[in-house]
Amino acid sequence: MTLRILGFSFLSFALGALFFATITSTANIQDDRAADREAICAHIDSIFQAFIKKDAAALRATHAQNWLGYLEGSRTMIKGVDGYMD
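Counting in the working numbering, the sequence shown runs without a single skipped number right up to 837 at its last residue.
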């Protein structure tokens, strides 16, 4: 009976340690995602600011030559960074 209680105690401790380790690693992942999210938002904001300021060099640096997209109110696709710049 004592061996059984000792076994259950050890198993319970191991599961508790595993649970605690999982919670700790999940918190670190969330911190990494927050930093990634902030970096992505800052990059997107820099593109918007370049568009507003008509900064051609910054826009060319952040868009591929074969960029495809739409501008607000447009029904036709813009093809290429040169079309976007016009």
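Since the hints were derived computationally from the structure, they do not count as laboratory data.
Treat each hint with caution, since some may be false.
[Claimed, not checked] Restraint ranges, calculated between C-beta atoms of paired labels, are given here:
1. 767 / 798: 46 to 52 Å
2. 784 / 804: 47 to 53 Å
3. 772 / 831: 34 to 40 Å
4. 830 / 784: 53 to 59 Å
5. 821 / 770: 30 to 36 Å
6. 828 / 790: 35 to 41 Å
7. 768 / 814: 47 to 53 Å
8. 835 / 767: 52 to 58 Å
9. 796 / 756: 46 to 52 Å
10. 806 / 831: 16 to 22 Å
11. 793 / 760: 46 to 52 Å
12. 817 / 769: 46 to 52 Å
Since this is a predicted model, take the numbers as computed values, not measurements.
Note that CB positions come from ideal geometry on N, CA and C, so glycine has one too.
Holds or violated: 35 to 41 Å for the Cβ distance of residue 828 and residue 790?
Violated, at about 28 Å.
Quick one: are residue 793 and residue 760 within 46 to 52 Å, going by C-beta?
Since residue 793 and residue 760 have Cβ atoms about 50 Å apart, the given range 46 to 52 Å holds.
Within 16 to 22 Å: is that where the Cβ-Cβ distance between residue 806 and residue 831 falls?
At 18 Å between Cβs, range holds.
Range hint compliance [Cβ, residue 821 to residue 770, 30 to 36 Å]:
Given range 30 to 36 Å: violated, Cβ gap about 48 Å.
Against the range 46 to 52 Å, how does the distance between the Cβ atoms of residue 767 and residue 798 compare: consistent or not?
About 47 Å separates the Cβ atoms of residue 767 and residue 798, which means 46 to 52 Å holds.
For the pair residue 817 and residue 769, does the Cβ-Cβ distance stay inside 46 to 52 Å?
At roughly 49 Å between Cβ atoms, residue 769 and residue 817 fall inside 46 to 52 Å, so the hint holds.
Evaluate the given range 47 to 53 Å for the C-beta pair formed by residue 784 and residue 804.
violated (30 Å)
Outcome of range test on Cβ distance (residue 796, residue 756; 46 to 52 Å)
violated (60 Å)
Residue 830 and residue 784, beta-carbon distance inside 53 to 59 Å?
Violated, since residue 830 and residue 784 (Cβ atoms, about 34 Å apart) do not stay within the stated range.
Using the C-beta atoms of residue 835 and residue 767, is the stated range 52 to 58 Å upheld?
Holds, at about 56 Å.
Using the C-beta atoms of residue 772 and residue 831, is the stated range 34 to 40 Å upheld?
Given range 34 to 40 Å: violated, Cβ gap about 50 Å.
Do the Cβ positions of residue 768 and residue 814 conform to the proposed distance bound of 47 to 53 Å?
The hinted range 47 to 53 Å holds for residue 768 and residue 814, with Cβ atoms some 50 Å apart.
Checked against the numbered hints given earlier, the structure breaks hints 2, 3, 4, 5, 6 and 9 and satisfies all the rest.
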